[in-house]
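Protein sequences, first through last, are from chains D and A.
Position in the first sequence counted from 1, then plus 22, gives you our numbering.
Position in the second sequence counted from 1, then plus 249, gives you our numbering.
No lab work stands behind these hints: they were computed from the structure.
Just so you know, even glycine gets a beta-carbon here, dropped at the ideal spot from N, CA and C.
One or more hints might be untrue.
As the list claims (entries may be wrong) - Below, a list of computed lysine-lysine pairs in the DSS-like style, where the Cα atoms sit at most 27 Å apart:
no., chain 1, residue 1, chain 2, residue 2
1, D, Lys32, A, Lys321
2, D, Lys126, A, Lys350
3, A, Lys350, A, Lys360
4, A, Lys321, D, Lys93
5, D, Lys93, D, Lys111
6, A, Lys360, D, Lys27
7, D, Lys115, D, Lys32
8, A, Lys350, D, Lys145
9, A, Lys350, D, Lys150
10, A, Lys332, A, Lys321
11, D, Lys32, A, Lys360
12, D, Lys27, A, Lys321
13, A, Lys332, A, Lys391
14, D, Lys93, D, Lys32
15, A, Lys350, D, Lys32
16, D, Lys115, A, Lys350
17, D, Lys111, A, Lys321
18, A, Lys321, A, Lys360
19, A, Lys332, A, Lys360
20, D, Lys142, D, Lys126
21, D, Lys27, A, Lys350
22, A, Lys391, D, Lys93
23, D, Lys142, A, Lys350
24, D, Lys126, D, Lys145
Stated by the list, open to error - From chain A, some residues computed to sit far from chain D (all C-beta separations above 12 Å):
no., residue
25, Glu370
26, Asn373
27, Glu374
28, Val402
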Amino acid sequence: MAESKELQVKEKQEMAPAAEQTRPGLVFTPRVDIFETDADLTLLADMPGVSSDNITIDLNEGVLAITGDVKPWEGPDESDVLVEFETGKYFRKFTLPGTIDQQKIEANLQDGVLRLRLPKAEKARPRKITVNAG
Amino acid sequence: MFPRNFIKLPGFGTIDPFAEMAQMRRHMDALSDLFLRGSPTAREISAGVFPLVNITENRNNYYVRAELPGLKASDLDIQVTGKSLAISGERSIPPEGENVKYHRREREAGKFSRVISLPGEIDNERIEARMTDGLLTVVVPKSEAARPRQITVS
Chain D
23 MAESKELQVK EKQEMAPAAE QTRPGLVFTP RVDIFETDAD LTLLADMPGV SSDNITIDLN
83 EGVLAITGDV KPWEGPDESD VLVEFETGKY FRKFTLPGTI DQQKIEANLQ DGVLRLRLPK
143 AEKARPRKIT VNAG
Chain A
250 MFPRNFIKLP GFGTIDPFAE MAQMRRHMDA LSDLFLRGSP TAREISAGVF PLVNITENRN
310 NYYVRAELPG LKASDLDIQV TGKSLAISGE RSIPPEGENV KYHRREREAG KFSRVISLPG
370 EIDNERIEAR MTDGLLTVVV PKSEAARPRQ ITVS
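Work the whole structure out from these sequences, hints included.
Quick look at the structure:
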């Protein structure tokens, strides 16, 4: 489908902070894919530069918050020649339906892409209802 | 301070209303940037070709960095000719199965190709590239002649 498409530049979305930050720095909104199957909800987020020990996933009262810290990768002796993109934290929040089994959430970060699997609680899975011809 | 090319008269070429809209949007963006931050930002000087790159230098090397989430080293092709570095590749997002229903779909897949000209002479033989956490870093050593030399005044 998207095989032949050329990737276009998309500016990183800077987030308007909900509360004032205690630490200075830019905060960006990661781009996400969210999809669901009958058994679970999956969230994929592009967070380049974030390593697995710099990511925080927090679920509190049905609000899922993802924070990814990017350590500056420039060496101390490097000076800028060209700056096309800026770096900073990633932050995004989602409200989750109350049907997620919070104990079974799985997270995996690979090549700067976070994959979160949020399994649905047993009772929330759709059931097929057969209509009996009578 | 104020960009002089803010209002551009339409040319006599082909008229594409969408291109004009896009151009207008860029101008609006540039304007709001100007007011919100008071200084030209990265986007105004960016080449507009994916991937965006940052280049830094120190005494010995140039460092070219790009954010390429989801890409592995094998998805990339990097070539060097003279002073220019060509980075091309393809990001593929594998399908997630038959029965998935999407709520959001913001991540994009596709091909890209870009050439970056480095400002000084480089040593083509010792270029190193690595991918870590979706971040490409290309270390391009400066050629002996391009490195700054300390001259002692006796």
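Numbered hints the structure breaks, given as an ascending list
Violated hints: none at all, because every hint is consistent with the structure.
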